[in-house]
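Following the hints, complete the assembly by docking chain B with the ligand onto the known chain A.
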Amino acid sequence: MNLYADNILEHFRHPQCKGDVPGATVTREEINVGCGDTLTLHVKIADGCIAACGWEGTGCAISQAAMSMLAGELAGMSVDDARNLPPQRVRDLLGVPVGTRRLKCAFLCLHALKNALRTAAGQTPQSWEETLGLN
Amino acid sequence: MDVPYIRSAFPFMREHPAARYLDSAAMTQVPDAVIDATVRALAERSNPHRGMYPLAERVTEAYESARSTVRRFIGARTPSEIVFTRNCTEAINIVARSWAQETLQAGDVVVLTVLEHHSNIVPWQQLASRIGVVLTWIDCDDAGVLDLDALDEVLVGGRVKLVSVTGLSNVLGVQPQLTEIIRRAHAVGARVCVDAAQLVAHQPVDVRALDCDFLAFSGYKLYGPTGIGVLYAKSELLASMPPVMGGGMMIQEVRRDGFIPADPPARFEAGTPPYVEAVGLAAAIDWLSQFSWQDVVAHERDVLAAALDELRSTPGVRILGPGKADAITGCISFTVDGVHPHDLTALLGERGYMLRAGHHCAQPLHRRLGIGASARIAIGIYNTEEDVRGLGAAIADAARTFAR
Ligand SMILES: Cc1ncc(COP(=O)(O)O)c(C=O)c1O
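Going line by line, the protein sequences match chains A and B.
FYI, the numbering for the first sequence is -1 to 133, going by my numbering.
FYI, the numbering for the second sequence is 769 to 1172, going by my numbering.
Isolated chain B (complex conformation):
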């Protein structure tokens, strides 16, 4: 992997060569290719799927071509299985408000895991209070490994209709065994929704090989713009799902006495779509696709291994999760005795280390780990071992500052 070449493609890295940006799980930086595509899309725009003049035609094609790029990226069967949303959260909410609300009955069970981000918890809690579905939680051990035996026990109960699970924890960096979870859920007729917000930037995803029923992610964690996300759903599911929002674009026909919804994906894209953002997301995917996943995965693993070494050699640091480089992807979280993560990361920030601290929108997981907050090292394709070097010493310094 030619990391200097990669870094040179990012304005942020060029303008802040000394910055150690370690917050890519929250938001990645953006390469020139995405900025250029976005600027071009902004500079010559027209409303997609509206006009018949040549520009309108080009814009419509660019928007639909972005959809095809996403289809290829995650291995969906057809572009119509790709719904553009605002973000991962909106995508999961569509699954809850449309498919689940339409299909599930009071007493049906939705299975969640303790690893989930609030985005994959709250929509289901809202659904539970609307229609009386029951939420059942699968626990993990201290290494972040989900208790699949407990999953089996829940599944044999017979009322599980959906398992909604993260593809990659945004706190522990562990990957639930998706293939196994999906296989077991399908064996009892339950559907599986994958929150791939973190996964898509760090591992190849093939929805057909996985056989997941729904998958959701956001563009801005994938080197793309904000304001664009993706819902993938199998065509037969999308076909049965009612629209959530009403307005232009999502209809086939409107009369005084009612409307007929459009076919998917338009049915779920009410109003003028985020055309510029969709083009930017496609550019991000194209940019990322010039690298082999094997190289990306190996490189990121090396950087995380270096980060782990720094943490392990620092007294007072408690590493959350498995603490082994070959068991984590994308990020690693930790606490430091006697220092609140916000104080720690504020001090680290003064030294150029940009880490996020807090509950990372995963309060149930933090409660499970017996802590209120943690600090997180989250890497992207542009990080190097150099970015984490000295972090241990900086953490030790910060700990001394607050020592009582």
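In isolation and in its complexed conformation, chain A is listed as follows:
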């Protein structure tokens, strides 16, 4: 199956929720050092829910499209649900098989989300193993 399915290219060309969020509760940058992909996620939290989110980033189509897709899901989601979002959710959004070499591209968005919410809660960032659900 083609990694660059139409939905991925569509999100890469026309990313959703791109940009700053005025009054954001937390801003978190994550970098996929191996590839040089970067994502900066802004999240505004109100009443235990994600009131708004926006992001900026550069990198490969997979990392950018995945962030765009995930960002589109977040508005209105409870913080608890977002904190528990499993990696499978990102796989479902992408809808293409993610190979070993592209794992960090695909899940950089989730890593940014998890660590944004942890930062907002005053916790230390989690590791890639935790984001990928490896332990």
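These are computed hints drawn from the structure, not numbers from a lab.
Keep in mind the model is a prediction, meaning the values are calculated, not measured.
C-beta atoms are modelled at their ideal positions from N, C-alpha and C, and glycine is treated no differently.
Treat each hint with caution, since some may be false.
Some but not every residue of chain B turned toward chain A, in silico, with C-beta under 8 Å [said to hold, decoys possible]:
no. : residue
1   : Trp1061
2   : His1110
3   : Asp1111
4   : Leu1115
5   : Gly1126
6   : Ala1141
7   : Arg1172
Frame of chain A, contents of chain B with the ligand only:
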């Protein structure tokens, strides 16, 4: 050069005739001769330098004969100047952990260049944090030419003890002027370590003519197996160097209260050596030696020239380095506007073009060039102009796919 004959010697090329393997700087394919020698070595083995029975004798001779083959290949004076290692990285680490750690003092300077692979950077950074040596970097221009005037300025400072430099950039395909660098370094009493990981597969290397003090490379970039590399060092240097790893083989005598290390090269080959891999490396060198370097160099230049033509005719492609076929060897790297190299090479891969993308373990160089990653066409003796034909159109197609 009879390239069809060469291709027919590689199982990979026979089994994938349509594959365009353009990643030989990362790892070459392997000819039958190496596979056969490796299989024979595996099928009848014994631990070298251990037993006295006939098989043990043959195996010991084969291992030492592999060392002699490497000696001839790079023109060392004696086989004892050849230390077998796991790879180029381990060889450079031995220079850092043994010679440099023993000889250098806090405040002494180690000169590196911005062209270096991480293998020739990190061991020196580790050394710097262990003993306080100072690392000084020589920059290059956009064509990848090192600033030798800057080198001179550093050298007159008086505390340079080592210049560690690549023989051939694994990104830009440029060759630093080794002879000149070595001459100038020696003039102030500094030693020179050459990272020849890329160089040995594309150019003849003669360590005596170069007069380098150390030289390191890996077997698997030279049509040989993984798990084997080489450290060359001048005998007088090896003689003064303490062992890095301790164990069997590297000792002359062990008592309860201490040990006496063996002479080089055994001093640096602790434990059971990579015998099968050494035999495979020698077979690779023997196989390669049936061709004249002149022919290999001319053929590879033609293929790179064809690759350059493809890149030049493709809109949005930025060629890194000199962009001239007579100024590059082995590889050429590039970026494409609006397409991340990983996306580009994933798409090219679907069309059978196998290129590597990323920082190629040369992050300082990429930062110097103002980019995060690049795509690389890296050729070997088996590539043809046919392998790169159509690459420009395929790149243009990929760029259209991602156009915003
Ligand atoms: C210029 C250069 N130096 C060093 C190395 C490291 O070789 P190895 O990983 O075999 O130790 C490489 C391999 O990519 C290289 O291209």
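Exercise for the section: Please name the hints from earlier in the document that this structure breaks, with their numbers sorted from lowest to highest. Expected result: 1
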